[in-house]
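Each residue of the sequence shown is one higher than the one before, counting from 1 in UniProt numbering.
These aren't lab readings, by the way, just hints derived from the structure by calculation. Beta carbons are placed, not taken as given, at the ideal position from N, Cα and C, and that holds for glycine. Hints should not be assumed to be uniformly reliable.
Claimed, not checked - Cβ pair distances, simulated, as ranges: (1) 144 with 46: 47 to 53 Å; (2) 53 with 77: 21 to 27 Å; (3) 119 with 13: 31 to 37 Å; (4) 138 with 46: 14 to 20 Å; (5) 114 with 140: 23 to 29 Å; (6) 24 with 72: 15 to 21 Å; (7) 138 with 163: 20 to 26 Å; (8) 53 with 123: 50 to 56 Å.
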Amino acid sequence: MNLQDFKNQPSQRLVGQIDDLTKIQLANPLIKKINTINYDIDLTYIADFATVEIDGMIEFSLEVTDANDGHTFTSTQQIDWNDEYSFDEEYNDQTNLILENNFDLTAYIIEQINLNIPVNISEKHDIIYKVGSNWELLSENDYLKEQETNAELDPRWDKLNNFKTDK
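Just need the whole structure built from these sequences, with the hints factored in.
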């Protein structure tokens, strides 16, 4: 869509899906395949600022490798998309700039997915920590046990209880 399209029809509701998923590259190496990408968005063009406001949601399904144990599973996620894109960089430096006066909906949807996918995708949402120079993978239970162990006071601090102050 270009600027003239928005001037002709300033308010639009777009519901659909992206069909050609084979050419789309997502930034996360754990993603093996994109199954579906659906969107339901309202576009509103604000002529005074040459800005397009987007309000809607993106729903997608991916085949991913679990960052914790390496098995493949299907992840379905939904993103609320509330953003502004501008045809003119002069008006507002807080909006996304539309390059070459062409609003490429598919490219912006892919951008939103890339921005919202976690770096470490796990089916069970296990906690992954970096320890020293090596990585250590902890399940939620292991993490809680480690927290309990660390919560025990060092006996050297007991000497502080014997310390008295004059009032």
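Consistency of the hints with the structure:
no.	hint	verdict
1	144 with 46: 47 to 53 Å	holds, 49 Å
2	53 with 77: 21 to 27 Å	holds, 23 Å
3	119 with 13: 31 to 37 Å	holds, 33 Å
4	138 with 46: 14 to 20 Å	violated, 48 Å
5	114 with 140: 23 to 29 Å	holds, 27 Å
6	24 with 72: 15 to 21 Å	holds, 19 Å
7	138 with 163: 20 to 26 Å	violated, 36 Å
8	53 with 123: 50 to 56 Å	violated, 35 Å
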